[in-house]
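Numbering follows the working numbering, with no gaps: position 129 of the sequence shown is 129.
If you are wondering where the hints come from, they were derived from the structure by calculation, not from laboratory data.
Check each hint, because a few of them may be wrong.
[As the list claims (entries may be wrong)] Pair by pair, the computed Cβ-Cβ distance ranges are: (1) Q134 <-> A104: 36 to 46 Å; (2) A104 <-> Q132: 33 to 43 Å; (3) A42 <-> L101: 21 to 31 Å.
Please read all numbers here as calculations on a predicted model, not as lab measurements.
Quick reminder that beta carbons are idealized off the backbone N, C-alpha and C, glycines included.
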Amino acid sequence: MNLLRRVLAIGVLATLVDVVGLVVLVERFGWQVWLADSVAVAAATLVSYLLHTARTTSAGAPSRRWFHSPGPYWSTALAALLVDVGVITLLDWLLRPGWWLPLAMIKVCSLAVAFLVRSSNYRDLMFRAVRQTQSEPA
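Work the whole structure out from these sequences, hints included.
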């Protein structure tokens, strides 16, 4: 499986863990949305991290450095979790979805905002790593 398909598959699986976890915890167990989303995002982040670090490609590649830099990785994960939970909590409070389908729809909105946070931080770290490598004498 090539790199793009593998990354995409991991992303889809982690997103499913997030969305299904949220819906099950809220609808089946009656958890508050903010708590259920926090647990679901944390579980999805852990699944993603474990699957990405289990890959056997070169750890020195710029796209792989991200997973071997625990500080930036986990601080970005925490920022994305806080943004995701904040957005879904606000939308839940404003819209009161009441059942699983509208809940899943507002989850899509919170995922989109959290994706922007993660993407901008991933991009920043990769550019810093590449710049650092290019600035070293040959």
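Evaluated hints:
In this structure, Q134 and A104 meet the distance hint of 36 to 46 Å, their C-beta atoms being roughly 43 Å apart. Checking the proposed 33 to 43 Å range against A104 and Q132 shows it holds: the Cβ atoms sit about 41 Å from each other. The given range of 21 to 31 Å is respected by A42 and L101, whose C-beta atoms sit roughly 24 Å from each other.
Violated hints are absent here; each numbered hint is respected by the structure.
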